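Enquirer: Order-wise, the sequence lines are chains X and D. Numbering (the working numbering) for the first sequence: 75 to 474. Numbering (the working numbering) for the second sequence: 14 to 149.
Certain hints may be false.
[As the list claims (entries may be wrong)] Within a straight-line C-alpha distance of at most 30 Å, the following computed DSBU-like cross-link-like pairs (lysine-lysine) qualify: (1) D/80 / X/83; (2) X/125 / X/160; (3) X/83 / D/81.
It is worth saying that the hints were derived from the structure and are not from the lab. All values reported here derive from a predicted model rather than from experimental measurement.
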Amino acid sequence: MNIKQLPFKNLINRPVRSVLLVLIAAFMAAAVFGGTVAASGMRNGLDSLQKRLGADIIVVPEDAAEKNDLENILLQGTPAYFYMDKSVEDDLKAINGVAETSEQYFLVSANSECCSVQVQIIGFDEDSDISVKPWLKESYSGRLGENEIIVGSSLSTRVGHTLKLYGVECKAVGKLDETGTGLDTAIYTTPDTVRRLIRASQEKGIGVLSKQSPDDVISSVYIKVKDGVDIDDVAADINLHLDGVRAVRTRSMITGTADKLAVISKSINGLMAAVWILAAVIMSAALSVLANERRREFAVLRTIGFSRKRLGGLILSETAVICLSGAFAGILLTALTVFSFGKLIETKTGLPYLSPDILHVLVYALIAFAAVMLTGPLASAYSAYRLSRVDTGRILREGD
Amino acid sequence: MKIKENIAGIAEIAAAVILTVGSFTFFRACDSAEGRHMACHWAQNTITLIGIVLTVQALLRTVIPDKKTKAGLSLGIFLLSIAAIFVPGTVIDLCMMDTMECHTVFRPAVIVVATLSTVISGVDSVFGLVRSGKKE
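For reference, chain X alone in the conformation it holds in the complex (with noise of 0.2 Å):
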C-alpha cells in the first residue's frame, strides 16, 4: 500500500466516525456560509430599496398613510388603491423647495389571467417619471402606447405577451430588473391606461371610485427637493399646508426595515457564531476522543518507522480530508437551498431580499471554506501533538 493512502484507507475503514466528522465540518461550513449570504441579501434588498424610491418624499392621501398602504405596496407587495384630488400636485409644486414632482395612479386587478390573484397596477407618468424607468431591464426604450405594460421582474409575464386586467388586453412590452422588493409583482402602465382599466372597472360593477371621475384622481406624488434644502423641513411644509394627505420621507420608511433588518443581522450572526463554536468544540472533543482510542495503532505504527512529524502528518491529513469534504458538502446543499428559497426569506421575514451576486458569493464561499480549513487542523493540532509523543512501550504493553 502506498503509504500516501493511507489517511484516506484509515477515513474510508471507519465510514461511520468519518461520516459525523464530515457533517461538523459541514455544519460549520453551511453556517458561515449560509448567514453570510442570508445577511447579504437582506442588505442588498435595502439598497435596492432605497435606491429603488428614487424620491426624497412620497405624498400620499392621509388615510392611507395611516393605514401603512404605501408601505406595505412597496415592501410585502400587497396590491392596495387610494386617491386623492388631482389639484394635489398644483399645489405641491407651489411648496417652497420642491425640485420635480411625479404622480402615480394606483389600481388593483380583479384577478389576473392565469389565477385568482390579484396584482398591483402602478400608472407613471413617462416625462416626470424618477422611478420606474430606471430600472427597465429588457431593451425597451419607447414610449408605452395605448393599453402596453411594463411588468416586474416577480411576474412569469413575458415581454410580447398580452395580460388580460378587467377584460381588456395589455400587452407586455418591457419588463424591470429584480429589486428584492413588493415592486417586482407590480404591472407598471401609463396614467392613460390606469384610467381605462378604472373605466373598466366600473363597467364590470368592481367601482374602484365612488363619485369622482378617474380623469380628476391620482393615487401619489413622488417629489425630489432641490439640492442644498431640507428635506425635512420641505415635508413638515407640505404637512402643514395641505390637507388631507400626508408626506412621507422615504430615508423614514426605510429606518424601520432598517432597524428590523438590524435585529435580524445580529440574530443571524450569533447564531452563526454559536453555531461555529459548538462544532468547532464538538469537533475537537471527537478528536481528542478518537486520538486517545487510536494511541495502540499510532504506537505499532511508531514500532514500524513513523517518525513523530509523520505521524503529527497523518492526523492533520486526515482532518484536513474530513474538513475538505465537509466544507465542499456544506457550502454546496447550504447554496442550493439559500438561493432556492430566497423569495421564501422575503416573503416570510417582510423584508426586501436581493440575493448576492455571483462574484459575492464565491467570496463568502472562500471565506467559510478558509474558516474550516484552519478549524479543524487546529482543533486536531492538540492531539497530533499529543500523539506524535506517545510512549510506544508502554502503550503497548499495556494492550497485553
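The hints should help you fit chain D onto chain X, whose structure is shown.
Expert: Here is chain D on its own, set in the frame of chain X:
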C-alpha cells in the same frame, strides 16, 4: 439484504418518498381557488407521478441482489431525478407571481430534493458500474 450494500438505495428511497409525499402535503403547490386549478397544479401532479416511479425504482434497486441490475436502476433514478428538477417552471409553467406558494416553497423544495436524489444516485450508479465491471 446487506445494509452496507444498500445505504445508497435507502437514501434514494428516502428522497423519492419525500418527493412523492411532500409534493401533495408539506411543500405542495398553490391551492385551488373557487374550484379552479392554478397553472402549477399540473406541475405538482407530474412531480407526484415522478416521485412514485422513483420510489418503485429505488425499492427495486435495494431489493434486487444482482449488481448490474442495481447499477442500471440507479442510472434510471439519476436520469429521472434530473428530469424532476426541470419540471416546475421550465417544462410546466407555474403561477404568475414569484411570491406565490408554488414559486417560494414547491419549486425550491423539488429542486433541493431532486438534486440530492441526483447526486446520490449518480455516485451510486458510477460505483455500481465500476464494481459490476470489476467482478467480471
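Enquirer: It remains to establish, for every hint, whether it holds in the given structure.
Expert: Hint check results:
Note on residue 80 of chain D and residue 83 of chain X: the hinted pairing holds, with a Cα-Cα distance of about 24 Å set against a maximum of 30 Å. For the given pair, residue 125 of chain X sits about 26 Å from residue 160 of chain X by alpha-carbon distance, which is consistent with the 30 Å threshold. The suggested pairing of residue 83 of chain X with residue 81 of chain D holds, with an alpha-carbon distance near 26 Å, which does not exceed 30 Å.
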